[in-house]
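Given the coordinates of chain A, assemble chain B onto it according to the supplied hints.
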Amino acid sequence: MKLYEVADDVVETDVLVAGAGAAGLLAGIKADDLNVDVAICSKGLFRKSGATVMSTGGMEVAVGHGDPTDNPDVHFKDTVVGGEYINDQRLVEVLTKEAVERLVDLERMGIVFERQEDGKLFQFAPGGAHARVVILGDLAGSHYMVALNREVMKRNIRMFEEVMITNLLMSGGAVSGAVGLDIKRGELIAFKAKAVVLATGGAGQIYRYTSNPVQNTGDGRAMAYRVGAELIDMEMVQFHPTGLAYPPERRGTLVTEAVRMVGAYLLNNKGERFMSRYDPQRMELSKRDVVARAICTEVREGRGTEWGGVYLDASHIPEDVIERRLGVTRRKIMFLTGLDLAKEPIHVYPTCHYFMGGVRAEPDCSTKVPGLFVAGEEMGGVHGANRLGGNSITTLIVFGWRAGISAAKYAKAANSKPLNPRDVAMERERIFGFLGRRDFIHPSKVRRELQETMWNNVGIVRTEDSINGALRVVERMKALELPKVGVPDGSRRYRMDWVEAIEFENLLTISEMVSRAALFRKESRGAHTRDDYPRKDNGNWLVHTVVKNVEGQMRIWSEPVELIKLKPPSA
Amino acid sequence: MSQEKAVVRFKVYRYDPERDEKPRYEAYEVPFYRGMKVLDALIFIHDNYDPTLAFRYSCKIWRCGSCAVMVNGDARPACRAEVEPGKEYVIEPLSNLPVVRDLVVDFGKLYKRFTALGPYFVTTKPRGEEPARVPNHKYEDFIKVAGCIECWSCLSVCPAVKVAWSEMAGPGLMVAIAQSAYNPLNEHDVLPTAFAQGLYSCTTCRKCSQVCPEEIAIPEVVFEKMRAMAVSRGIGPLPGHLVPKDLIEKTGRSVTKKDVPFLESIGTEVFKASSNAADRVGYFTGCLADYRLQPVAEATLDILRKLGVEVVIPKDQVCCGSPMIRVGALNTLENLVKRNVAAFERLGVKTIVTPCAGCSLTLKSNYPEYVKKFLGKDMPFKVYHLSEYIVDVLKRKLPELKEVKMRVTWHDPCHLGRGQGIYKQPRELLTSIPGVELVEMKKPDQCCGAGGGVRSGKRELSDLIRADKVKMILETGAKAVVTECPFCVIQLRDALDEAGYKNIEVFYLEDLIKRAMK
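Chains as they are written, first to last, in this note's numbering: chain A, 1 to 571; chain B, 1 to 518.
Source of the hints: derived by calculation from the structure; they are not laboratory data. Be a bit skeptical, because a hint or two may be false.
[As the list claims (entries may be wrong)] List of simulated lysine to aspartate or glutamate pairs, EDC-like, C-alpha gap at most 20 Å:
id: 1; chain 1: A; residue 1: Lys548; chain 2: A; residue 2: Glu559
id: 2; chain 1: A; residue 1: Lys120; chain 2: B; residue 2: Glu129
id: 3; chain 1: A; residue 1: Lys184; chain 2: B; residue 2: Asp106
id: 4; chain 1: A; residue 1: Lys184; chain 2: B; residue 2: Asp50
id: 5; chain 1: A; residue 1: Lys97; chain 2: B; residue 2: Glu130
id: 6; chain 1: A; residue 1: Lys484; chain 2: B; residue 2: Asp106
id: 7; chain 1: B; residue 1: Lys125; chain 2: A; residue 2: Glu559
id: 8; chain 1: B; residue 1: Lys144; chain 2: A; residue 2: Glu117
id: 9; chain 1: B; residue 1: Lys138; chain 2: B; residue 2: Glu220
id: 10; chain 1: B; residue 1: Lys144; chain 2: A; residue 2: Glu559
id: 11; chain 1: B; residue 1: Lys125; chain 2: A; residue 2: Glu323
id: 12; chain 1: A; residue 1: Lys120; chain 2: B; residue 2: Asp141
id: 13; chain 1: B; residue 1: Lys257; chain 2: B; residue 2: Asp279
id: 14; chain 1: A; residue 1: Lys184; chain 2: B; residue 2: Glu18
id: 15; chain 1: A; residue 1: Lys120; chain 2: B; residue 2: Glu140
id: 16; chain 1: B; residue 1: Lys138; chain 2: A; residue 2: Glu114
id: 17; chain 1: B; residue 1: Lys162; chain 2: B; residue 2: Asp468
id: 18; chain 1: A; residue 1: Lys120; chain 2: B; residue 2: Glu130
id: 19; chain 1: B; residue 1: Lys125; chain 2: A; residue 2: Asp320
id: 20; chain 1: A; residue 1: Lys445; chain 2: B; residue 2: Glu88
id: 21; chain 1: B; residue 1: Lys138; chain 2: A; residue 2: Asp118
id: 22; chain 1: B; residue 1: Lys5; chain 2: A; residue 2: Glu249
id: 23; chain 1: B; residue 1: Lys5; chain 2: B; residue 2: Glu18
id: 24; chain 1: B; residue 1: Lys443; chain 2: B; residue 2: Glu88
id: 25; chain 1: B; residue 1: Lys144; chain 2: A; residue 2: Asp105
id: 26; chain 1: B; residue 1: Lys225; chain 2: B; residue 2: Glu334
id: 27; chain 1: A; residue 1: Lys445; chain 2: B; residue 2: Asp50
id: 28; chain 1: B; residue 1: Lys11; chain 2: B; residue 2: Glu84
id: 29; chain 1: A; residue 1: Lys184; chain 2: B; residue 2: Asp20
id: 30; chain 1: B; residue 1: Lys144; chain 2: B; residue 2: Glu440
id: 31; chain 1: B; residue 1: Lys405; chain 2: B; residue 2: Glu440
id: 32; chain 1: B; residue 1: Lys144; chain 2: A; residue 2: Glu323
id: 33; chain 1: A; residue 1: Lys154; chain 2: B; residue 2: Glu130
id: 34; chain 1: A; residue 1: Lys484; chain 2: B; residue 2: Asp47
id: 35; chain 1: A; residue 1: Lys97; chain 2: B; residue 2: Glu129
id: 36; chain 1: A; residue 1: Lys154; chain 2: B; residue 2: Glu187
id: 37; chain 1: A; residue 1: Lys445; chain 2: B; residue 2: Asp47
[Said to hold, decoys possible] For each label pair, taking beta carbons as the anchor points, the in silico distance ranges come out as:
id: 38; chain 1: A; residue 1: Asp439; chain 2: B; residue 2: Pro17; range: 48 to 58 Å
id: 39; chain 1: A; residue 1: Arg226; chain 2: B; residue 2: Glu21; range: 35 to 45 Å
id: 40; chain 1: A; residue 1: Pro248; chain 2: B; residue 2: Gly86; range: 16 to 26 Å
Built from N, CA and C at the ideal position, the CB exists for glycine as well.
Pulled out of the complex, with its shape left as it was, chain A reads as follows (with noise of 0.2 Å):
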């Protein structure tokens, strides 16, 4: 057997990026700077894939130029604080302080930042006392990859658009290349590489509502699992306070903190600020897990709206503070619910949107899988129980850019390993498995049974029945549903429904992981909340919750955290 007999086209490469996100993007960029053969894949097209095209907030960096007062101590703090204290505090201190450093390197890859006329740095408060948030209007992510887009083209790096990565190879206990579908052409490429990196992001579309795009399938997480890597925190997936609640279909939809931010209130059925009652002091800026609890909580006693969220109003403001800050977002409201931000209240829910827990990986970004390195929101450990908003952008380029490096220096050192053929032909017959079986159950069907499943069991609150009960719907759908998954046989050029077949079983794997760790996870912690376990237990749970694949099995087992340099109060 040969490679070229078991896929359409062989790919060789030193670096190869999955994921074309900010993090992606700048790994690639950095791997590029350190000489090395660099291949980066994008499950959707360029510049579009992913969640950073999305953000409209932007990112953290303790620069000081808006608060003379703030630096990454003070950065640190706010962030394991924010994260309950269970963030792995060498990341914390990587991603604080060189965020700062990063801010040059942006600009000079041509990332504009708003000024002060003075030529000082514009920075936004986001809901802490200190002014970090570097901002352009909110344009942010959209910005980011544009600027990030443009600098891989003028590299001349290799691009693979609209290439799903579908699974990792190994040789002898390392990675040695990956596997992806072409979904143009609907071809198989079979990727050689030294060293990989997964930055596929989030995982959000195990949920019902999610404010994630429709590439976050979880695949990165799903593949580093299927060849051993650990993931840690899986539990603790963040629900933004405020997502859409009407109209219904667009409910999960993202309503940016800065409309918060900029001062909107929010208020329940009977007008009441009602953020009074949970963190009176920091009011609609308190932590977004607590802020997202507590329109929960309002809902279920009663004092929602008629649309089942709370009232999100920013009618106080004056319009053109409203129009300048919130230019996009109003617009956007506007076309999808028809009410004017700077008028009149609109309905908003918590929606799942960003996973804290991902790949445990080294403050070098590699994993516990040699050649295997992380970057952006695959990792695992940065944020522990709680992000700060604006803190996701600062990830993605810190941990893009050390990702680059490291798997560059890796790949330089590392022998090149042959690909097994064999290897190869196996993921070839699952993936053209799904083509033509014999009744088939069509994949959004199940995928969509998984979400509602997920966001109604192991959302926001969650208890240990709900949690069973989500589990005994993965163990069913694995044994029942999964082997039946299909799509009709026909022409292969860009078939939706084959990506979306390939996708349910990542869905099916991250959906368990976040399953068995709030399952394992006897307390409540930032945005992991047990209503059978209603106080976090210092005593018990400071310590990572860790999911490894061994021999097939999903193992469960804590660590304690390593509290190099702040620990909680009581501790």
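Chain B alone, transformed into the frame defined by chain A:
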């Protein structure tokens, strides 16, 4: 709720180049709900009727720009295209690009073009420890173009790209160049590339900004702005633009004198109304009605007088400056603006009326900024296009019209339609003439190719653009095409003549009205 049962009908382009001989359209009915977008319908079709339907999407909130398609002939992100119950929508892939399958196009050609343009950021300065100190106002131009989501809708509707992509990189790609050009820290000089790749191939027809989901005013903030930068560096304008520029500088008019100009033919400047004046307006003739299309000027004066309006025509008025603004030659402007403002103020005019699409647009949209800049005050006049003035302000019917039996079609000048939102008023005047039968052409608002200095600077491109227009006019079987812009009139006349249709007449609307008033 009756709406629950409502459906929307779609005809979706289906094509697999590998297997199908030719494209086909498949019909689907999708249950309607309030707020439904084309993308929702496509997802519904995919989930419920045919999982093999191929289309792209990602973010669903037009941040990513993946899902642009043609909706009833106009491009836009499917997530940004609203649907109404009971209606039918034809959904097709973006035009000007090869189809991969169904609604999915191949961007390979576009990326190649993009790489050739190279709108990149370059800095040679050593890396500092802190971000550069740049005052925020230096980013004003950049902010205006930074919001592009690269959905490429504009590229699919640009009349220049359609006929000569090699000649014109296209609106979206020029936005990318502008982002490079306007970043104050970028040392990469992109203007020569912009010039070579179609900076002067834009007719400023504004079709791109009409479909732009981010409402970027591409002709103004990209083309006109970069043209001004090019002129100030001696890269632009084109040789063909220098003739009107010289003339304007010497004579105040953009064309040479041939017959007796209208302004020289009138004895007085003030034409009193017979009895109590309904209103008092200043008539801004523009260059062509003064020097070349005198009958239009005479007709305009007649029409206004017959409507009982006192008409004031300052003889010292000059070119509005539009031809120079469009090509970026802004140094002529101060003189023109000052002379025009002084001329109309001298006669106490408060309201200016003109039947010229270009002049009215310039006076409305450019003068406020320039009057402020050169005279330090607010624009002292209200400006109306003549059709708008008669229909919306006077609210009067044209008096004493005789029958003119004629089948006509209407061409919307870009600067009147998309420029000022004036579509229905001239049609109302036109159809108020007894005997006139209006047959709409397929795309009455498609550019004729004359504007933006393209006719004067790039004649061949201009000719290519207008060919489509001739086809559409012929399809209607009309005996005449009527419009409301001197450039369009001249362009369409030439186009029809050269295509061998001298028998089809081209009217300035006022000409036809005057014929009916005789």
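How the hints compare with the structure:
no., hint, in the structure
1, A:Lys548 <-> A:Glu559, "holds, 13 Å"
2, A:Lys120 <-> B:Glu129, "holds, 13 Å"
3, A:Lys184 <-> B:Asp106, "holds, 9 Å"
4, A:Lys184 <-> B:Asp50, "holds, 18 Å"
5, A:Lys97 <-> B:Glu130, "holds, 14 Å"
6, A:Lys484 <-> B:Asp106, "violated, 32 Å"
7, B:Lys125 <-> A:Glu559, "violated, 47 Å"
8, B:Lys144 <-> A:Glu117, "holds, 18 Å"
9, B:Lys138 <-> B:Glu220, "holds, 18 Å"
10, B:Lys144 <-> A:Glu559, "violated, 51 Å"
11, B:Lys125 <-> A:Glu323, "violated, 36 Å"
12, A:Lys120 <-> B:Asp141, "holds, 19 Å"
13, B:Lys257 <-> B:Asp279, "violated, 32 Å"
14, A:Lys184 <-> B:Glu18, "holds, 12 Å"
15, A:Lys120 <-> B:Glu140, "holds, 16 Å"
16, B:Lys138 <-> A:Glu114, "holds, 10 Å"
17, B:Lys162 <-> B:Asp468, "holds, 10 Å"
18, A:Lys120 <-> B:Glu130, "holds, 10 Å"
19, B:Lys125 <-> A:Asp320, "violated, 37 Å"
20, A:Lys445 <-> B:Glu88, "violated, 28 Å"
21, B:Lys138 <-> A:Asp118, "holds, 11 Å"
22, B:Lys5 <-> A:Glu249, "holds, 16 Å"
23, B:Lys5 <-> B:Glu18, "violated, 38 Å"
24, B:Lys443 <-> B:Glu88, "holds, 18 Å"
25, B:Lys144 <-> A:Asp105, "violated, 24 Å"
26, B:Lys225 <-> B:Glu334, "holds, 17 Å"
27, A:Lys445 <-> B:Asp50, "holds, 13 Å"
28, B:Lys11 <-> B:Glu84, "holds, 15 Å"
29, A:Lys184 <-> B:Asp20, "holds, 16 Å"
30, B:Lys144 <-> B:Glu440, "violated, 36 Å"
31, B:Lys405 <-> B:Glu440, "holds, 17 Å"
32, B:Lys144 <-> A:Glu323, "holds, 14 Å"
33, A:Lys154 <-> B:Glu130, "violated, 24 Å"
34, A:Lys484 <-> B:Asp47, "holds, 17 Å"
35, A:Lys97 <-> B:Glu129, "holds, 13 Å"
36, A:Lys154 <-> B:Glu187, "holds, 14 Å"
37, A:Lys445 <-> B:Asp47, "holds, 8 Å"
38, A:Asp439 <-> B:Pro17: 48 to 58 Å, "violated, 31 Å"
39, A:Arg226 <-> B:Glu21: 35 to 45 Å, "holds, 43 Å"
40, A:Pro248 <-> B:Gly86: 16 to 26 Å, "holds, 22 Å"
Hint compliance for this structure: hints 6, 7, 10, 11, 13, 19, 20, 23, 25, 30, 33 and 38 are broken, all remaining hints hold.
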